[in-house]
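Chemist: Chain by chain, the residues run as shown.
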Amino acid sequence: MTSRNTLVLGDPQPERGGAVELRTDPALPPVGLRERGRWTPLKIALWVAVAVLGGIGWSIIGLVRGDEVNALWFVVAAVCTYLIAYRFYSKFIERTVVRPDDRRATPAEVQNNGKDFEPTDRRVLFGHHFAAIAGAGPLVGPVLAAQMGYLPGTLWIVVGVVIAGAVQDYLVLFFSMRRGGRSLGQMAREELGVIGGTAALVATMVIMVIIIAVLALIVVNALAESPWGIFSIALTIPIALFMGVYLRFLRPGKVTEVSLIGMVLLILAIVAGGWVSETEWGAAAFTLDKVTIAWALIAYGFLASVLPVWLLLAPRDYLSTFMKIGTILLLAVGIVIVQPVVQMPAFTEFAFTGQGPVFAGALFPFLFITIACGALSGFHALISSGTTPKLIQKESQTRIIGYGGMLMESFVAVMALVAAITLDKSLYFAMNASAALTGGTAETAAQYVTSLGATGGDGVTADALNQAAADVGEESLVSRTGGAPTLAVGMANILDQIWAGSGLKAFWYHFAIMFEALFILTTVDAGTRVARFMLSDTLGNVDRRFRNPSWRPGAWIASIIVVAAWGGVLLMGVTDPLGGINTLFPLFGIANQLLAAVALSVCVAILCKKGLARWAWIPGVPLAIDAVVTLTASAQKIFSPVPALGYWAQNATYSQALAAGETSLGAATTVTAMEAVVRNTAIQGTLSILFAGLVIIVIATAVVVSIRSIRSGSASDNEEEAVPSRIFAPRSLVASKRERELEAQWAATPGAPSAIGGAHGNRHGSGH
Amino acid sequence: MTATAMLARSARAVRWYVREVMGDAKYERYVRHLQAAHPGAPVPTEREFWRQHYAEQEASPGTRCC
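As they're listed, the protein sequences go chains A and B. Quick note, the numbering used here runs 1 ahead of the 1-based positions in the first sequence. Quick note, the numbering used here runs 115 ahead of the 1-based positions in the second sequence.
Keep in mind that the hints were calculated from the coordinates and are not lab data. Source: prediction; values computed, not measured. The beta carbon of each residue, even a glycine, is placed where N, CA and C say it ideally should be. Hints are not guaranteed to be accurate.
[Unchecked claim] On the chain A side, residues computed to face chain B include the following (Cβ under 10 Å): (1) ARG249; (2) GLY254; (3) ARG533.
Start from the sequences and build out the full structure, keeping to the hints where you can.
Modeler: Quick look at the structure:
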């Protein structure tokens, strides 16, 4: 039994309407409070109202046809669903499987060193955790998925987060916290054994490479042929360097101050970009093609990986956090004020035919693959294990931070979807179909969109496309694939209407592009660095010197290998005759969902080992959905005879054409281009096989481990020894009345440790 | 509570939150931690603390999400 984990005998549960105080030391006030509310008529009425409002929202989204749907209903339906899921489902998970015990000290309290282990105020940690998990994925995925109409995407973003994404984040956070903040890789090795653990490690490294490459590809597509974008993004590097120097030599620790300065400089950079792009020399100097930008990003990634953190990476991260939270708030306010009208239908034909121009494949499984991060993101498991669990004050706070944090992320995805579906349909398809389809010019793109019929909004003229581009200060918007430009146009539309007639649309477009590029570049440089460390660690088995992170040649060699790996995939995507994003984005989604399968497998195995097998369906159902989705998508990518869908079918088509002596096929108009298609599809096909193989290995080992522990009946797990807690903090963002009373009691107890930072007397911020 | 008092209180709360989330308060918290947990231990200056902080970040990078 897990008796060693129980500090005080029993597990007292409060009665309805009552509370139980949890104590570890008679000399100290209670270290935890378990409250159980009573269902008062007012509370019941409130929750019924939330449910009804959410129901109205969903009915309007799902059932109303042919009328103009106000996008605000998407926000209402999503928020009401989140509230109900948080109140009821996450509570259920807490009570059945998580069972937090606030008498146990968290790793932050036990190993408090004032740095990476440090009890951090829950509201602050919520902000940190959200800033770490929110990235470009949930912004881009829903935009691409909009080609199937608004309903499938909205449903999966909201339902998926409730049953899968937030559950994964919550459980991984809690399990890692109980294990001293161990990383996902370490937990996989401990819980799944050597084979499962190694598969998980390989998966993590390959996924990092794919994710960095695809994100970089999105930036390249957003900046290509855009002198305005290139100029302002390029300026972020000197701005970051300036901030780094300022923080190191002028005013150490003044992070907010320097971020505000950086922010002002950033806005100036965007404005200046507009001026520069209008001059002849500016347009000439800053209009770069995709290949040049890709090489610049590769060089940047390498530099960021070997330069000191304080000089480039840390200040960039501050800037990115600032922009992230600010812009998301701005967009939320914009949607509420402007209340844009939805242009996309609930479903388009592409949901069923699988022949969508943005990416190939039918609703199942490719909707799930494409949305990925907004509903279930395996990458979050890397944040939920390792960083955040070392900072939690109390065990019961994992619910708001893990589950609640992911609900916020899903909300960002809903807003991104709203920005995309309120865009003119014809513009959406002209922007998101690859140049292979649109032909790349406004005239040919207009013809292409018109050929889509009603789905494409009943046609468009070349002039209208040119006007749309001119409105946002761009030369052209045709085939600006990758989702970022589409989101930027959508955001510009919404923000421009807040101050109608201000003529700031081009500014907002470039503001949004800047915001996304900052996000992505932060992930690119941080990711390159993390992957470099993982690689060094592995290379350390061959040559011990690699283990030493300050051994410069080792850092250089590992950085070059990592950058070459993602740089190669990036260049492949940039030069791909068939489009790039439409072929690579599914790999990105599959990789991300694979990592989620690893995380959920670990959760299932842990529950079975803890003797909680009857609740194993809580992570088990999302794991099953994820496995079916990932494996079906992989199978289609590997075995489908349709060239647009199957990598190997495409490969065979082009190989045969080459063998037959043909010199052009489809979008590949030269022999070199045809050879590129053969090479790219071979690499993509091989990666698909690798991913599918890894998923099968990880899930199989998890099943074996789980069955073995259910059969043997002996509960065992790898949790750390329980240590009695000596601090108190409220469970959720807002403290209850009794929790405030306890906080006051702690403050009044002489010599009692403070819940924040391990020092007494820090009361500001608490108790409002 | 008067309106100005409430306004002042909200402003304090916002300032507290921004300083905590961005990291301005990191050094103060560290010093308080040292005084509470290791009384008598040498307290680094703010400059030294941040140099040390970035050196540690250099050795164990944190990841950012996609």
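Chemist: State for each hint whether it applies.
Modeler: Results of checking the hints against the structure:
1. ARG249: 7 Å, holds
2. GLY254: 5 Å, holds
3. ARG533: Hint holds; ARG533/A Cβ to chain B Cβ min 8 Å, cut 10 Å.
Against the hints set out earlier in the document, no violation occurs for any number.
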